[in-house]
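Protein chains: 2
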Amino acid sequence: MNKYLKSVLLMAATFSIVEAGTASAQDKLETAPTKFIEASGIKFSYRTLGKSTGTPLILLQHFTGTMDYWDPAVVNGLAKERPVIVFNNTGVGSTSGKTPDNVAQMSTDALAFINALGYKKVDLLGFSLGGFIAQELAAEHPDLIGKVILAGTSYQGGGDHLMQVLGEAFSQKDSPDPRLWLFFTHSPESQQAGREFIKRASARTQNRDPESGKDIADAQAKALIVWTNTNDPENKLLKSITQPVLIVQGSNDTMLGTESSVTMFKTLKNAQLVLFPDSNHGSIFQYHDTFVKTANDFLNQ
Amino acid sequence: MNKYLKSVLLMAATFSIVEAGTASAQDKLETAPTKFIEASGIKFSYRTLGKSTGTPLILLQHFTGTMDYWDPAVVNGLAKERPVIVFNNTGVGSTSGKTPDNVAQMSTDALAFINALGYKKVDLLGFSLGGFIAQELAAEHPDLIGKVILAGTSYQGGGDHLMQVLGEAFSQKDSPDPRLWLFFTHSPESQQAGREFIKRASARTQNRDPESGKDIADAQAKALIVWTNTNDPENKLLKSITQPVLIVQGSNDTMLGTESSVTMFKTLKNAQLVLFPDSNHGSIFQYHDTFVKTANDFLNQ
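One line per chain: the protein sequences are A and B, in this order. For the first sequence, my numbering gives the first residue as 193, with consecutive numbering after it. For the second sequence, my numbering gives the first residue as 193, with consecutive numbering after it.
Isolated chain A, as found in the complex (with noise of 0.2 Å):
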């Protein structure tokens, strides 16, 4: 071998032993650790992954959706480029406390939680309900939240067919899991996104959080419909938010509806919108890969 040829062996070698060195149990929502911070009066479970500098990103989770509900495929690419917060809100998983029924306390709490890990600035991604909290934090907290991403969401007043799309779901005997019929339409493409997409959210085996029970998704289900059928008028809350705002949803949600998305698109001061085919209100899960791009683009600009 020659000297020339060891030293590229070497330095490829070199380059393998730190890829693996940073390959860490932090970087894969399947394994990250769950950690526990008080605040307010609560024991909130969180966990961190990702890089160790840049503004974190915070997710926000949809009804009845626990830390191991989110896909790994969006967690873990968006941890590629930043750092990336996953939490349960009060009552929620194992954090402690009794669940509210509204979304302003969901917004408290949730200000709390980022203010007890001691945050600036962060981003947020809120999915679902999460998306009104995260309308509301970026409303009121303008210097804390930079950016925000808004998935399969909509406005406050926006309407919803929860209750209806719910009882479908959940009288679909056939389906082994009703997310499969909530957040991905009925074609053969978007059913096989779907089974994909559950069995990567499955893949964390040990200390996975709690299930929610029947009071967190009363409470959760409450705070949902009040929200989304109390009329803000001329849309104060959306016109108020001046951060960069990303949308992003499926061409047929049947909960929260498509043209809400496009509505929050044409309202909001900054907004950009993208709108996926054939999909429902999971679509950054069944695009996960080119949703990951846009996000990371959006968030990095």
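Quick caveat, the hints were computed from the structure, so don't treat them as lab data. Computed from a predicted structure; not experimentally measured.
All copies of an identical chain are treated as equivalent in the list; a pair is satisfied when it fits inside any one copy or across any two copies.
The list that follows gives simulated cross-link-like pairs (lysine-lysine, DSSO-like), each with its CA atoms no further than 27 Å apart:
1. Lys485 / Lys461
2. Lys220 / Lys485
3. Lys312 / Lys485
4. Lys313 / Lys227
5. Lys485 / Lys272
6. Lys272 / Lys312
7. Lys235 / Lys313
8. Lys461 / Lys431
9. Lys220 / Lys312
On the provided structure of chain A, position chain B as indicated by the hints.
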């Protein structure tokens, strides 16, 4: 200098040479030589740039635009990942013949040009009037046309405000280039992006295409107005397009409307929609970096 360091520096130098070698004239719209090819009795002028392998992307230009009216930031960015071909359709710039006054003939001529180049499969980027041609080609030639990007465009019968807006743009006495008002909004940020776009599109100084005169403008205006104002019952054309489509549009397109793109998204079988904030007809030039990333991701799938 120790041998290890020397090897690394030698490697770095080798890479630099390789990189410099690939940055040939063919990789930049500003310097790519104009070529000619005959088809259907027309001598078409065109330029090829980018990679030599992969599905070629054919660019279809806007009302009165020549090859020099494309944004080098967009064309060169797309050419990094595929062969890109810009050309002048019949009668425009350095292409011979009489400019047709209807979209059907423009499509026939574009097809003749693509066939003359010998391609069996191409992708299309149609901007504005070029988007109409892209739709006709995609619907009629599913074997030849792979993916389609429709930017700043509309559908047959979608209506237009061309004459009104053109009149306003050309009456702006203080504006050195009507594209500042036709492609960008009145905001300082969009206008600044407009000036940068025009600067980029003016960088080519050698062998520019002849500018379009009144004959071309009259024929193309007729084609554009007739096409957008001739109703297509039940959007038959859009519904017959089966290829994946990426629709990109600005928040405030004053000529062809932003809502037209939402309608196209809803009507097409397999479309992704991207709407950019604070932007007019030329949103792909204003947000060239994000557009190039989005388009390359879409075309690479």
